[in-house]
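Asker: Residue numbers (the numbering used here), protein chains in the order written: chain F, 1 to 357; chain A, 1001 to 1324; chain B, 2001 to 2316.
Be a bit skeptical, because a hint or two may be false.
Unchecked claim - When the alpha-carbon atoms are kept at most 27 Å apart in a straight line, the in silico DSSO-like pairs for lysine-lysine are as follows:
no.	chain 1	residue 1	chain 2	residue 2
1	A	1149	B	2213
2	F	12	F	96
3	A	1175	A	1039
4	A	1013	A	1024
5	B	2213	A	1134
6	B	2224	A	1084
7	A	1026	B	2148
8	A	1026	B	2144
As the list claims (entries may be wrong) - Across the chosen pairs, the derived CB separations fall in these ranges:
no.	chain 1	residue 1	chain 2	residue 2	range
9	F	90	B	2289	55 to 65 Å
10	A	1125	F	332	47 to 57 Å
11	A	1309	B	2025	39 to 49 Å
12	B	2128	F	22	38 to 48 Å
13	A	1281	F	112	38 to 48 Å
14	A	1200	F	286	30 to 40 Å
Claimed, not checked - So these bits of chain F aren't anywhere near chain B, every CB distance computed over 12 Å:
no.	residue
15	19
16	32
17	36
18	60
19	101
20	103
21	123
22	153
23	200
24	206
25	207
26	264
27	271
28	282
29	316
Keep in mind the hints are simulated off the structure, nothing from the lab. What you are looking at is a predicted structure, and each value in this text was computed from that prediction instead of being measured. Glycine included, every Cβ here is placed at the ideal spot set by N, Cα and C.
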Amino acid sequence: MSEEKKVIISAKDVEVKFRVRDKYLTAIRNVSLDLYEGETFAIVGESGSGKSVFTKTFTGMLESNGMISNGSVMFHGTDLTKLKKDKDWEGIRGAKIATIFQDPMTSLNPIRTIGFQITEVIEKHQKVSKTEAKKQAIEMMERVGIPDAANRFDEYPFQYSGGMRQRIVIAIALSCHPEILICDEPTTALDVTIQAQIIDLIRSLQKELGFTTLYITHDLGVVANVADRVGVMYGGQIIEYGTVEEIFFDPRHPYTWALLSSLPQIGEKGKDLYYITGTPPSLFNKIKGDAFAPRNEHALNIDFQEEPPFFQVSDTHFAKTWLLDPRAPKVEKPEEICDLHEKIQRMTDKGGAFYVE
Amino acid sequence: MSNENREVILSIKHVDITFEVGHKKKLVAVKDANFDIYKGETFALVGESGSGKTTLGRAIMRINPCSAGEIEFEGKRISGKISKEEDRNVVRNIQMIFQDPAASLNERATIDYCVSEGLYNFHLYKDEAERVAKVDKALEDVGLLPEHKSRYPHEFSGGQRQRVGIARAMIMEPKFIVADEPISALDVSIRAQVLNLMNKLKVERNLTYLFIAHDLSVVRFIADRIAVIHHGEIVEIAESETLFEYPIHPYTIALLSTVPMPDPLVEKNRKHIVYDPSQLDQSGEAREMRELRPGHFVYCTSKEFADYEEKITKMEQERNEKAL
Amino acid sequence: MMEEKNVNSANNENDLFGFAAFDKYESEHIAAPQYSYWKSVWRTFIKNKFTVCVAIVMLILVGFSLIQPSISGYDPLIAPNVTDESMRFQQPSREHIFGTDNVGNEVFDVVWAGARNSIIISFVCTFINMVIGITVGAVWGFSKKMDKWMIEVYNVVSNVPFLLLAMILSYVMGAGMGTLIFVMCVTDWIFVAFFIRTQTMIIRDREYNLASKCLGTSTWTMIKNNILPYLISVIMTYIARMIPSLISYEVFLSYMGLGLGVTKASLGRMISIYTSYMNGYPHLFWIPVTVLAMLSISLYIVGQRLADAADPRTHM
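Same shape as in the complex, but just chain F:
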């Protein structure tokens, strides 16, 4: 990213705690992140890595037993962590920062017509007349690819297929021209072919409307497709971030290595896939040192004692691992992901395989 890029939202040292049965557990441990205007940033992580929780601090949507115990999220000069009441969030949540969730049905009201639900949002945020709102709503429906939008305006969510519902959710989210769109696993619940269509749709809308997108996903394939920059999350922290090319072609954190090299896409038939043992850490336990250390075959003694700082790899690429310390022994990334690009090109070059045109 070039220097002139403008930061649109800036999270600093965010820490989120949840109160569960008289015990506090820390879900997010001092995460900082700057989003630049117009970019697509993807957060990758497994379930329980805290990727959803972290982005919920941008819209004040934490569950009632959760709280931001430290840090700040600056957006247009306002610290979002200080906003408590729903009234304070008016004009930000849903208007300037909109979210698309995994399951479209959670965001749609099953007993209201699709048209009503879109116009409601437009009327509320743009203060326009009913007829004007309806006109805009139908326009928006056409834009997200609903065929015959005018006639389907008065239908109910159950009359739409899963993919169509997700398009409607996108239409609602974009109807007040947000500056930031958070996509929380927007395609996980959908079929692969529909998934591709939704991803394409979000991308083309972004080009047209110029909003900033924050993607949350566990699927590295999706990340490669959509992202300009990537942050990898593990155990409530971002452990590596950089441009998408840096993360895929020059990853530095052993967890990123593991994620990439265990993908079946790059596995060779007849050979074992690279894999890591164990499971992601439970947030109920206090994490000492590097959260990934117990599963890391390259773990150093220091990993169990002290949390690594971020080491700078390039202007845009940072990784939180002691392996980058000059005192650390040299460890090469797994063979499977060396020359990843050449490997995949060979795979796709053949013609039919994975069909690249």
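Chain F is fixed; fit chains A and B onto it per the hints.
Answerer: What follows is chains A and B alone, placed relative to chain F:
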């Protein structure tokens, strides 16, 4: 590889599966499925949700009845009414690995019971000591520890639970395994381990897998042959390499174009192809499985077949030129 | 790759940046203490102080009812003080804890003897209803064929007017404990069976049951190991409602003269006799009613709390 002299272990013969939905309405889940699975191979059935892939897998397990056609295992019919003895034979030889390990294990039973359940049912042990030894061995084979036996399923992680599910199936020493999306409910970092395990067990025990999946990327790694199913119809069957190099049915091509590749340079220039059934031959001629190349079958009309033939010949020529 | 120890400055640093030992199986161990279902039920149950208090009250009431009558030797046919006018209608005092009644008997003795019979009858009936109901209900829930005709049986039996049946049966069979138990079981089990059938149907097609089917598990084993363990909590709730309601039934039937004969002590008949002295000696009415209420309520609360504790979602 010629298929004629390979031993067929399971044969699906023109199977239809329909469900009654409400009043006399019928839902056709699987239509005219017709293929053989050879001994020792991994046969993948790939399709989206609602395509009928799970329904077909469950018909093999005798959970869903076939409304037409037959399923044969080792030359004997196993669909419809069969004797009790034959039923027990099927249970012992065909086992299933379920998609969601959290839902498919009895939460109120210990791992010891979960893994031993089949042994108890068929009394496959001489004495308690032999049963314990068998359970320990089964757990060891999937990388779990004997100390896990007294634990309950909810104490395990997703990957561990799925391995319990595999151990429970393997302890029966089956010949054939129906694996219904065995990794799609697991965390990404754990999937590789389960896939490796399945491959290892297959080689060690000369197993045959029917691997049901929605994800072609996984299938490329694990399958020998692949069948693509769409809306209850199997549209294309081919050897794994062939299907990836010479996909011919428009649906297969669309499906392949959506497999996400972990490479931003490739992925950003990717075009996702949308399947449009209206481009197919609309003459109304009944479709059937036709063999385009040896071992490569497509579900099509005669007109479509001619088109495919032309297309695949062109593809082959292009590849040959490239190779030169 | 593993043992590539580079030359580093200080010794301890060398140590810090050396590779840690890596054990593949390390991550497979489960650190949490062993889980046991019944232990967890118990732990959850005793965690709440109020529950423990109610449970103690219940134990005292039930224990007293079961033991005290055999010490006092109360027999409704013998009224030793019936000739002694001064012994009648005594107010509660130190000598007569609950006072005395119209025939000079200690109310204290009469109440516990009556409570004992009520408790025995309700416990026995609950046990019979549950055993028959659960067995029939579980099979009913599993078998689609059986469901067709059992539903008809249920429709007929559940519509038989209970009071009419109780009256006819007690005339035909004569009043007594056996009759009363029979009356309270003859139709009640089918409600239990219907309840268990519905519960069974809900979990019958869950994936773990399909898995058991694929392993060749028989229906009976599945009922025993896959279905009933999941129903412990709801069965407990049912029992918690049934025991107090059967106690009330017994009291009600005896009050109406359809229950126990004159040879047996009964809270119901006692209340019905004492009601006539309500104006002059209200304690005669209020004492048995209070004991009855405390017994029912404590049994109900303990049962409910046990049912809650039996739900594994509350274990943590």
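Asker: Hint by hint, note whether the structure agrees.
Answerer: Going down the list of hints, with the structure as the test:
no.: 1; hint: 1149/A x 2213/B; in the structure: holds (22 Å)
no.: 2; hint: 12/F x 96/F; in the structure: holds (20 Å)
no.: 3; hint: 1175/A x 1039/A; in the structure: holds (9 Å)
no.: 4; hint: 1013/A x 1024/A; in the structure: holds (26 Å)
no.: 5; hint: 2213/B x 1134/A; in the structure: holds (21 Å)
no.: 6; hint: 2224/B x 1084/A; in the structure: holds (22 Å)
no.: 7; hint: 1026/A x 2148/B; in the structure: holds (22 Å)
no.: 8; hint: 1026/A x 2144/B; in the structure: holds (20 Å)
no.: 9; hint: 90/F x 2289/B: 55 to 65 Å; in the structure: holds (59 Å)
no.: 10; hint: 1125/A x 332/F: 47 to 57 Å; in the structure: holds (48 Å)
no.: 11; hint: 1309/A x 2025/B: 39 to 49 Å; in the structure: violated (55 Å)
no.: 12; hint: 2128/B x 22/F: 38 to 48 Å; in the structure: holds (44 Å)
no.: 13; hint: 1281/A x 112/F: 38 to 48 Å; in the structure: holds (42 Å)
no.: 14; hint: 1200/A x 286/F: 30 to 40 Å; in the structure: holds (36 Å)
no.: 15; hint: 19; in the structure: holds (14 Å)
no.: 16; hint: 32; in the structure: holds (26 Å)
no.: 17; hint: 36; in the structure: holds (35 Å)
no.: 18; hint: 60; in the structure: holds (28 Å)
no.: 19; hint: 101; in the structure: holds (25 Å)
no.: 20; hint: 103; in the structure: holds (20 Å)
no.: 21; hint: 123; in the structure: holds (42 Å)
no.: 22; hint: 153; in the structure: holds (39 Å)
no.: 23; hint: 200; in the structure: holds (34 Å)
no.: 24; hint: 206; in the structure: holds (40 Å)
no.: 25; hint: 207; in the structure: holds (43 Å)
no.: 26; hint: 264; in the structure: holds (21 Å)
no.: 27; hint: 271; in the structure: holds (18 Å)
no.: 28; hint: 282; in the structure: violated (10 Å)
no.: 29; hint: 316; in the structure: holds (27 Å)
Of the numbered hints listed earlier, those contradicted by the structure are 11, 28.
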